[in-house]
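Engineer: Since the structure of chain A is already known, use the hints to place chain B on it.
The chain contents come next:
Number of protein chains: 2
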Amino acid sequence: MDKDQAYAELIQRTKEHALLGSCASVLGWDERTYMPHEGSTHRSEQMGLLARLSHEMLTQPRIGELLAEVQDDPQVKLKDSNHAANVREIKRAYERAVKLPKELVEELARVTTRAQQAWQEARQANDFQAFLPWLEKIVHLKRQESQAIGFQATPYDALLDEYEPGATTDEISRVFAALRADLAPLIAEIAASGRKPKRDILEREYPVDRQEVFGKEAAAAIGFNFQAGRLDVTTHPFCSGVGPGDVRITTRYNPRHFNESIFGILHEAGHAIYEQALPAEHFGVPVGSACSLGIHESQSRMWENQVGRGRPFWEHFLPKAKQAFPSALQDVALDDWYFAVNDVQPSFVRVEADEATYNLHIILRFELEQALISGDLLPQDAPAAWNEKFQQSFQLTPPNDKLGCLQDIHWSMGGIGYFPTYTLGNLYAAQFMDQARQDLGDLDGDFRRGEFGRLKNWLNEKVHRPGQRWRAGELCQRVTGKPLSHQPLLRYLRGKYAPLYGI
Amino acid sequence: MDKDQAYAELIQRTKEHALLGSCASVLGWDERTYMPHEGSTHRSEQMGLLARLSHEMLTQPRIGELLAEVQDDPQVKLKDSNHAANVREIKRAYERAVKLPKELVEELARVTTRAQQAWQEARQANDFQAFLPWLEKIVHLKRQESQAIGFQATPYDALLDEYEPGATTDEISRVFAALRADLAPLIAEIAASGRKPKRDILEREYPVDRQEVFGKEAAAAIGFNFQAGRLDVTTHPFCSGVGPGDVRITTRYNPRHFNESIFGILHEAGHAIYEQALPAEHFGVPVGSACSLGIHESQSRMWENQVGRGRPFWEHFLPKAKQAFPSALQDVALDDWYFAVNDVQPSFVRVEADEATYNLHIILRFELEQALISGDLLPQDAPAAWNEKFQQSFQLTPPNDKLGCLQDIHWSMGGIGYFPTYTLGNLYAAQFMDQARQDLGDLDGDFRRGEFGRLKNWLNEKVHRPGQRWRAGELCQRVTGKPLSHQPLLRYLRGKYAPLYGI
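Protein chains in written order, with our numbering: chain A, 936 to 1438; chain B, 936 to 1438.
The shape of chain A in the complex, shown without the other chains (with noise of 0.2 Å):
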């Protein structure tokens, strides 16, 4: 066979692939948002036939065949090319589905799906021997997982590499080391500090109609484009991308809280900018796709905190916010608000974190995940394990295991690996803004006129049109001439902080 007709066989059956993934997606979206109640054992069904059908796309010999085919074609040789970007990535997409056992993969379908119901009952109930059966047979199929996979050094890398591909524990562990030895004091110096924000003024009346046409306004001004996307409500807010032309986020609305849905829509919408970004001739194959769900989550945070949670953002959007909501707002000073939604507070729900005690929160399930897979933790100690940590980083012990080793969802999917993500998510957003602010010049003059524009076209050419043409840490290499490094997170959270707590 002719090499280039091998090559566009395999891009054809993958984009075929993702096509299919796609179809899965509206589904998924249409089953948070507007599906009828009673059509969710149909909408099971459905979603494990387009599961199944797309696991035996993705392992059909021929793909293994092609690859083999175009492996020493000059083009596929060619670095930094699109076809060595492609072909190096759907060969570890490939590879990593034909190791895993098909018993494996099912049984890990039918488990986690049973331990997510499992899992809401038992934080519900604040009854982790409910669900300890259930840790206990996830951890036992995503070691043996990471047995089938294989790894250099420990086996939670085999784990982390779904998310975060390339990436190891150890460069992990030491970036997050040198966070926390320099994040812990800086917590410290803020609680001795005794300066506390007005947070009442954020816990006013907010009618849920005004906070969407703010939302959607906020969220079009930094480039979210609504021609080719939604913002829908759902429980727990999330961003689909669904295809070229078709990205969906969704938020919910407290009507005395202002903070949850403004901050959840920057968020979502920051997923969906690169989302909307990624090439559409390359639907479907990896220099079209994002590049990491670190990198991914990179977006969110640069949306939703360095540039919404900042001063010149609200010295644009205060304004507004006050004509939206005069009763709630009209006496409330631009320092004030400023102050409320940067308040630093050691809290036990990770989801409700500020931006530097998050990390914080990111580090110990990180390092739990690695002893529970190594086999130094078992489940039944996860909680009294959890508690120790909990009061190292925050010098509190959780209530009960609610607050505490039940309160996120990610075990009970499977989605052990998944949490180191968030954080890469704030390391690279500070260090993408650095090299942002010293390429574009005066940024926050942008902000404080409303104008996203020159940041959201270079993350577009930057970060986002390369798809996975670089993995995560070289794209970072590329973006800003260093490797991933803590400081620049450190030293934006300092500056934002000082002055703020007088520290």
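Keep in mind that the hints were calculated from the coordinates and are not lab data.
One should not assume that every hint holds.
It does not matter which identical chain is meant; a pair holds if it fits inside one copy or across any two.
Only pairs whose alpha carbons sit at most 25 Å apart, straight line, appear in this in silico SDA-like list of lysine to any residue [what the hints assert, rightly or not]: (1) 950 - 1049; (2) 950 - 971; (3) 950 - 1042; (4) 1337 - 1260; (5) 1337 - 1327; (6) 1391 - 971; (7) 1037 - 992.
Structural biologist: Chain B alone, transformed into the frame defined by chain A:
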């Protein structure tokens, strides 16, 4: 192979094909309701893939082997059994599908996608010549289709059979001829009566949000289950049965026209009540699927016309409508309202036609389609033939093709053979209603009290739950004890219009 095993595998493969089709239903619904504007190109690629996979599933040679295997299974030979009906109809669908050359299927898909676009533009511009090449292509392909499928009496039979399995052109022609012979004098008497309702009462201020509340209340009252369904807004209303627990209808609201949305909702709810009653355990196989388009349409017409345009219905609902729309309806008497929603008036456009003249629109199309497929009428002569027949039926000539042969989307979609099912629906609805009144006694008393459960339960049992156990003609015979006849519809129409028009 064991015959039970063969049957089980046949059923499982048939269900899987339907399950994949139901994924496409969700995408189709989404496309018309919430899909972002720029998502349409990607959506057509998704739909193309699902159509191809679905066709591959339907025509896999394994189905042919399994059908051969089970054909002399005693359970399959048992008359009126689930096994017999399932195998009969799976065989029919399989044989239809494998008779069609793949190239013809793909050519039809390609041509009709582009023809719909061309039709839309041609209708807009009132330019039949622009549509003519597409109509020629489609008629040519549909003639090829009928040759490939095969037929006993006339090529149109092969097309009709897609929508109304087992029905023949000859049989339908006889019933339609009898209907026209009696309908024409009725319509003439109505015209000669000189009476006209006060139509303006339908064209007052009807705020859209209250129409929605009122429409939902009415749909729920007649038996649409909103826990297992939804009502949304689209330009062209439809009902989509995704699967058990998930049946969705749509409507459009006109703030200055009351009856468009309310009768549209009752119509689609009629379809949906049928879908919601199909036995969930048989999802995807013939005994769990709707019988035919004619029977489906009988259910929408039943609730829209037989019930929804009846005086008893409005005895219950007009007081409620007055509460919802006080300024529009405070001075409106029941008799005036009842007359207004039953105005008979020859008109050019089928979708705006009343219950009586509607059927003449259908008979005209039925006759033209037969002539196009037999070759007696060339597509280029369609406008002249249309106008001539229109003059004969309505004593009116369409002023242009936009109000004539360009008005309907069906031909551009390749849906030749579809139109007769609309009048079959009217005929079946009247015949079923006659029987329901015989079986259940005073149904009008129920309707006056806003009670529709006895009729719905009767339809569930007699018409809905059998699925495709019997073909439409036999179902009619079993439910009403008689073959399909034009007399119940005629009697119903004369019974309604005689007092209104004093004829």
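Engineer: Does each hint hold? Answer for all of them.
Structural biologist: Status of each hint after checking the structure:
no.: 1; hint: 950 - 1049; in the structure: between (31 Å within a copy, 24 Å between copies)
no.: 2; hint: 950 - 971; in the structure: between (31 Å within a copy, 21 Å between copies)
no.: 3; hint: 950 - 1042; in the structure: between (27 Å within a copy, 23 Å between copies)
no.: 4; hint: 1337 - 1260; in the structure: neither (35 Å within a copy, 50 Å between copies)
no.: 5; hint: 1337 - 1327; in the structure: within (19 Å within a copy, 78 Å between copies)
no.: 6; hint: 1391 - 971; in the structure: between (37 Å within a copy, 21 Å between copies)
no.: 7; hint: 1037 - 992; in the structure: both (13 Å within a copy, 22 Å between copies)
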